[in-house]
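Q: Whole structure, please, built from the sequences with the hints as guidance.
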Amino acid sequence: MKKLIVRLCIYGLLMLLSLELLVRAFHLTKDYPVRIVDAQEVEKWQPHQTGYSVTGNRRQNFSEFHINSAGFNSSRDYKPSKTHFEIALVGDSFIEGFHQPYYNSIGKKIEAHFNNIPVYEYGYAGYDFADEVHLVDAYKDTFEAIDCVILNLTFKDDLERDTYSVLTDRMRFETPFYRRLRQFKLLNYAKNIGALNPIKALPGKLINTVKGRFKSDKQAPQKAVSSVDSLAIYQKRLDNFIALTTTYNYNKAKNILLLDASKTPDVFLNYLHTHNYKYIDYSQLLAQSKTKTNLVYDMHWNDHGRTLVAKAIADYLKTHGIVKTP
Amino acid sequence: MIFNSVEFFIFLVISYLLYWKVFQKHLKAQNLFLLIISYIFYGWWDYRFLSLIFLSTVVDYFVGQQIYAQTQQHKRKQWLWVSVVFNIGLLGFFKYFNFFVDSWVDMAALMGYHIKSTWTLRIILPVGISFYTFQTMSYAFDIYYKQLKPTKNFIAFAAFVSFFPQLVAGPIERASNLLSQITHARKFNYNQTVEGLKLILWGLFKKIVIADALAPIVDDIFANANTYPATTLILGVTLFSFQIYGDFSGYSDIAIGTAKLFGVELMTNFKFPYLSRNIAEFWQRWHISLSEWFRYYIYIPLGGSKQGRFKALRNVAIVFLISGFWHGANWTFIAWGAFHALAFIPLFVVGNNKKYKDTIVAENRVLPTFSELLKMLFVFALVTFSWIFFRADTITHAMAYIGGIFTRTDITAYAHPMGYRMIDYYVLIILFVVYEFIIRQYPRHPFPFKHKAVRFAIYTLLLFLMLLFYDDGIDKSFIYFQF
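Chains as they are written, first to last, in my numbering: chain A, 257 to 582; chain B, 68 to 550.
FYI, nobody ran anything at the bench for these hints, they're computed from the structure.
Please read these numbers as outputs of a predicted model, since none were measured by experiment.
By construction, the Cβ of each residue, glycine as well, lies at the ideal position given by its N, Cα and C atoms.
Please note: incorrect hints may appear among the correct ones.
Stated by the list, open to error - Quick list of the computed label-pair ranges, beta carbon to beta carbon:
1. B:Thr476 x A:Glu416: 50 to 58 Å
2. A:Ala368 x B:Leu434: 50 to 58 Å
3. A:Arg314 x B:His518: 22 to 30 Å
4. A:Gln302 x B:Leu117: 52 to 60 Å
5. B:Leu117 x A:Arg314: 40 to 48 Å
A: Next up, the structure:
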């Protein structure tokens, strides 16, 4: 028995080592750039990092990222000037675009519609509207030089708070322990493909088995969300929007919201109309597309989806005379 | 608790250590422990199922004693019937009751009588009932045929009936093989343990990489069969051939491997069936324990081939039809059994049914001959075609699927429902078939290579493939649990 246990341990270790090497050799898991919170309390990536973002077991999506000097994924460094027309694109992972090569980003696609107009991408996964308006306010000097600011907004997810504060959830992964853990590529890979989920779910499963096994098979019916509840939620989000735009002196002349009107309630769209907030709606272009507009593995826009959203933005800027085209 | 779960891994490690460290010294303690862990394993699904297996154990234990004690043949037979009626009754009620009621209502409707079916019951099919009822019946049969003496040790008998590695999906052991091992003390054997671990690894590979990875594709094609062209329909059923083989033979390998860890040798259940040269050889290599069961306890008692050509053919047909029906309460399984009977009978008539018995394709050669290759492809095509009935939900579904193969002849490339590269799966299947061909002489030794480094490389590769094809989102249960 002793011989068996010793050999199993040796074989196990050697196998783990071999698998670690294989995962590294085939670059099967993503690289994790380092996060920081800067002096202005903006959460972003530490500048000047490069690596690859990987999705799926077999590298089904593989793209290079490049964190620029400003701490955002982009092919260019941001040098706004008052003499040149510039666009800023602020948003979450859809704008950050780790699921696409940084040199084929949505900003690049917008730039392709114009002549020599740089697009600065301030995308960061997890940003909500509070993060976005705080960022614009925190980097006031920079944004004053930028001529048009487009802020991505998903009504359902981005208006859950009325004031900005640094979220500690993501930053807790920046402790030395987690950074060291991320060096084990095999562990990251197993986690990303869901191979560790059964282990994570085990305690809950065991508790349920012990608690629930001997009870009735019938489950309690889920509480339906009534229309009254929905209206209350919408109102709360609208209140948050009002609070944030007021606190951070939202510039209606320069700022434009980017949203999917098909997923935004009328009550909010009406508010935007009534109060002269500009917005770009890309929903129709996506809906009319005959080919898929999002990735297979998650709901982020694929290359075609990004092309369409970039077109929606460019069309809006042209038709509303924001960018003068020759 | 399924073999490919974390719960089972923890359960196995704890049970294994206690079995050899604490309960090794006394046979009674070893068997009692085996019984307890088997009941925990089975009760994990639903504790209510335990009453059934306990009842089945008590009845057959008692019946076995009675058959043995009787001196008059007709009384022995009466007691045997008690076991058969009880076990088939159990199976009939839990597995076939609703089927018979529905079939009766459908038949009445065909004859113009419209009966509103209110007799069907909400019955949960106890996992593995088809397997352990057959196993306990084998005990009564073996005593009846004087091939076995009944055991007086109830704990040992209960451990035999509920032996957890093969309880829910076989191999269906004959009492003469398994019970005799349980009534004798097991000693820790390093080599046996290592062999067991290797089989578990191979079984997990077949389940996770072959069966589970193909499942979403097969499910998609069968669910949308009416929209896909013939090429996709052929692809769907071909992949199902590999899915069901990987699933069931994978389970059997894990079961045999796990039993080895506990010092028990179970019979081989699969011997590379897709390398068969005729359909009879296929049945000597596919689900061997069930085929043997039907041969010993149905075919031979019916007279086998000893009572004339006509009766022999009838017996073959009965065995195939019952075999089909054993798989599930659905006409599709009966059609599947009938199809195999029709494919087998011509070989039986010309006396070719034992032509390849105990031989393997390309024996002592590296490659098969062209003729062997053609024969294997033909058998594979035949078996694959039959899987349409096995996999389809209804006969109408199966016929529509077959109709699609012969009518929708446009060729379009199939796209994976989750957008994965299909080429990965094609390469995987080819490599799997090539590897199975290489190891074709060693059904119980999936890594028969001399050099440690080669074996180690293969173990690592298998684990790597398990990661590459792991899918957290799919149903991981084994197909044969539903039978």
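Q: State for each hint whether it applies.
A: Comparing the hints with the structure gives:
The supplied range of 50 to 58 Å is met by Thr476 (chain B) and Glu416 (chain A), whose beta-carbon atoms lie about 55 Å from each other. Between Ala368 (chain A) and Leu434 (chain B) the Cβ separation comes to about 56 Å, which falls inside the hinted range of 50 to 58 Å. Between Arg314 (chain A) and His518 (chain B) the CB atoms are about 29 Å apart, so this pair conforms to the stated range of 22 to 30 Å. In this structure the hint that Gln302 (chain A) and Leu117 (chain B) lie 52 to 60 Å apart at CB holds, the actual value being about 58 Å.
Leu117 (chain B) and Arg314 (chain A) have their C-beta atoms about 42 Å apart, which keeps the hinted 40 to 48 Å range intact.
The earlier numbered hints are all upheld by this structure, with none contradicted.
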